[in-house]
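Asker: One letter stands for each residue in the lines below.
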Amino acid sequence: MAASRSSTPVLKDELDIVIPTIRNLDFLEMWRPFFQPYHLIIVQDGDPSKTIKVPDGFDYELYNRIDINRILGPKANCISFKDSACRCFGYMVSKKKLTRDSLECLIAIVPIDLQYVFVDMIGNFACKTMNLGKYFIVDLTSLQSKDPTHADALCSANKYPSNRKGLLSPLFPKNWFRIFIESFIDMQVAKDPSGKEINALEQHIKNLLSPSTPFFFNTLYDPYCEGTDFVRGYPFSLREGVPTAVSHGLWLNIPDYDAPTQLVKPRERNTRYEQALYPNSTFAAFSVQDTDHIYIYSFLRYVDAVMTVPKGTLFPMCGMNLAFDRELIGPAMYFGLMGDGQPIGRYDDMWAGWCTKVICDHLGLGVKTGLPYIWHSKASNPFVNLKKEYKGIYWQEELIPFFQSVTIPKDCTTVQKCYIELSKQVKAKLGKVDDYFNKLADAMVTWIDAWDELNPSGSSGKLPNGAAK
Amino acid sequence: MRNPPTLLSLAIDSAVINFCRISDLSFVPEHILLELFVGKVFLRFFIKVVQSDCIRDVTATGTIEVEIVNPERMSQVIIKDDEVDIVIGALQSDLTSFMEAWRPMFSRFHLIIVKDPDLKEELKIPGGFNLNLYTKSDMDKVVGLSSTKDSKGELTDAVAQHITNLTTPATPFFFNTLYDPFSEGTDFVRGYPFSLRSGVECGLSCGLWLNLADYDAPTQALKPSARNSRYVDAVLTVPARAMLPLSGINIAFNNELIGPALLPAFRLAKEGKFRWETVEDIWTGMCAKVVCDHLRLGVKSGLPYVWRQERGSAVESLKKEWEGVQLMEEVVPFFQSVRLSEAAVTAEDCVAEIAASVTEQLGRANPMFARAAEIMVEWIKLWKQVRSQ
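Protein chains in written order, with full-length UniProt numbering: chain X, 1 to 469; chain D, 1 to 389.
Below, computed lysine to aspartate or glutamate pairings styled on DMTMM-like, alpha-carbon distance capped at 20 Å:
no.: 1; chain 1: D; residue 1: Lys223; chain 2: X; residue 2: Glu240
no.: 2; chain 1: D; residue 1: Lys223; chain 2: X; residue 2: Glu226
no.: 3; chain 1: X; residue 1: Lys265; chain 2: D; residue 2: Glu184
no.: 4; chain 1: X; residue 1: Lys432; chain 2: X; residue 2: Asp442
no.: 5; chain 1: X; residue 1: Lys265; chain 2: D; residue 2: Asp187
no.: 6; chain 1: X; residue 1: Lys75; chain 2: X; residue 2: Glu453
Derived by calculation from the structure, the hints in this document are not laboratory data.
Full structure from sequences and hints, please.
Answerer: And the structure:
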């Protein structure tokens with residue numbers, strides 16, 4: 001595969017990818033072109049006697065439960081067992097500036113899947129006369145098998161146009177959303193004027209390296225993106241922005257819903273329409289308009305924007321597609337006590353998100369959400385999820401007002417100090433909700449101790465000049 | 001735990017998808033109708049149907065007589081056409097091409113056309129519209145726009161999208177990462193508190209612009225060929241206490257709830273006719289946002305897009321005084337920190353209180369602010385007067 005033409009730095013020596021897993025990592029094959037340049041930190045949850053197979057050619061370090069206990073000693077009890085929350089151990093031991101989280105259930109982002117199809121389709125087109133205005137329909141879920149002939153078979157089995165013949169389908173409703181995959185075309189057939197990147201990792205890097213704007217909402221979203229800017233009325237004094245600490249990406253296909261929503265809407269995919277034509281699949285249709293542009297019409301709701309979450313506003317941070325600047329905010333990325341032996345699960349990333357946002361607001365750092373998208377293919381069992389989450393569903397009604405009203409004193413100028421202060425307030429105000437929060441508050445302190453022990457130079461959590469509020 | 005689907009349930013599933021196209025349900029056996037309407041899975045759908053006024057009679061005995069009155073209305077939001085006014089500001093005399101372009105969207109509604117007081121010529125307006133023409137008082141500026149064409153060359157209906165925005169709830173107290181949860185195909189994400197999921201009423205819907213974005217004169221002068229071609233398929237609620245620049249181009253609002261706040265009170269001494277020579281909408285927007293935040297109403301931003309044509313020269317505008325830009329720097333901290341009292345429960349009250357704060361805090365330093373506050377107070381008086389007739 002050709003390397004994409006890129007003006008975004010690769011940051012090979014400054015980025016780690018943390019992967020919590022309980023299984024073999026064959027999925028890495030699919031990510032190889034994007035992950036291979038980077039160092040991986042694999043945190044093996046569950047039974048440490050099991051050997052995790054990592055495909056060849058990756059540069060990684062692996063930690064299982066035994067390693068965690070050895071490295072942290074008595075402090076290891078703050079790292080959850082049998083829950084993806086264990087990933088925060090990876091953040092702690094990383095030596096790099098930026099961290100990208102990657103859960104094994106991710107298969108690939110939409111463009112990678114489409115790219116595979118395109119190699120085939122473009123090959124066909126390139127040697128024939130282009131027929132303009134034709135449409136092709138492909139079942140994206142079938143691409144998990146990475147076999148385009150399978151997609152073909154699906155097309156004919158369902159009696160809609162095959163992706164080779166290009167018949168116009170009247171089935172599709174009128175208002176499709178159009179994804180313009182430009183750099184993709186650049187790789188294969190035609191030149192593209194803007195060279196837009198669709199590599200998820202590169203988008204995260206872009207997000208983290210450009211400023212955020214938490215103090216005033218820009219209606220054209222991220223003003224540092226190509227082709228956009230600050231709108232009229234945006235105060236000039238705020239146009240420099242602040243450093244970005246967190247880049248929160250989203251997911252196509254299966255949305256990140258809680259258990260009750262999953263139960264009511266088991267078939268919902270992150271789409272433009274209430275129900276896709278064939279509920280268990282997600283489709284895209286491709287139209288070749290001219291030699292330079294291939295339009296991809298999709299049911300998928302792809303919102304082409306990155307934006308800063310304003311100061312003072314909380315949001316649910318999903319850990320599936322997350323990148324952050326370890327030096328700016330690392331110590332706040334603690335995912336709590338979840339999983340085995342704990343009364344709650346599936347709130348690890350929520351907890352980290354609320355703490356992180358409050359601290360970012362206090363320190364004048366930015367949190368972005370939006371692009372990049374990844375393709376979420378594995379829906380978890382809603383009944384299992386309900387069992388894990390139900391306490392959280394009640395507790396969050398207390399937690400949200402707590403986080404919305406928390407204030408951190410001015411003399412807390414590092415992330416660690418803010419975090420310790422938060423832990424005190426958690427104990428004081430949430431301890432009465434449930435004893436779990438007393439334990440959690442203690443674990444938060446243990447986490448910071450462990451972090452400082454493993455990161456002694458004090459370079460992480462240092463404040464950019466003049467940003468304390 | 002779950003039984004495998006039966007032929008019956010598969011048929012029901014498929015019927016539900018195509019439900020709105022069926023105009024006569026009398027042939028459907030009762031027990032199937034019951035499954036459709038009483039089963040929990042379809043409860044939401046049922047609620048939508050009931051609210052849409054399509055069901056003639058629902059009896060308490062468990063039997064339901066259903067007559068689908070108007071299949072098309074099932075998927076529309078329920079706002080009667082006579083509840084919508086479209087206000088058009090006429091800055092140029094020949095409105096023919098503009099109105100013809102928007103005819104498909106505008107012809108159902110009542111139009112209020114307000115002629116620029118400085119415009120000398122008579123307005124040329126094509127026939128076939130239900131309209132009232134006003135030649136004095138201020139207005140929203142809409143001229144210079146056409147509706148966006150999507151890839152198929154079909155016009156997107158900006159009015160319908162604004163109506164949808166205003167009639168679905170807003171969520172200003174917690175940010176939903178999948179944007180507007182009341183859109184089709186999306187919902188609240190995991191971690192969103194349930195107590196906040198019913199949302200609040202939306203007071204203001206701010207649309208965006210393709211082609212020429214609403215940039216200020218310096219930006220436009222620096223990047224004369226910049227065009228906004230990025231179509232972001234989302235509506236989102238601007239969180240409470242977050243300020244935003246309101247553009248007077250392409251907005252819709254709930255007149256009953258926040259009408260009094262939408263007054264361009266802040267006039268620059270050398271204000272020009274082109275959008276980037278004014279800041280009155282920015283001022284108005286911040287007032288409106290403060291009012292909405294205080295009254296717990298929502299402000300949405302995003303869709304719909306309109307397509308903006310080229311007008312004027314940014315560099316020429318730069319040569320004029322743009323003190324407005326400097327002045328706005330001062331007002332931002334003011335708006336971010338102004339707090340209204342518990343006693344302010346209507347938009348009129350809120351605007352009056354803001355005006356008082358403006359006089360007190362900003363008016364001393366600069367008479368333009370004092371003047372703006374005066375205008376706001378006068379406007380409230382006028383508003384109450386006109387409304388009470």
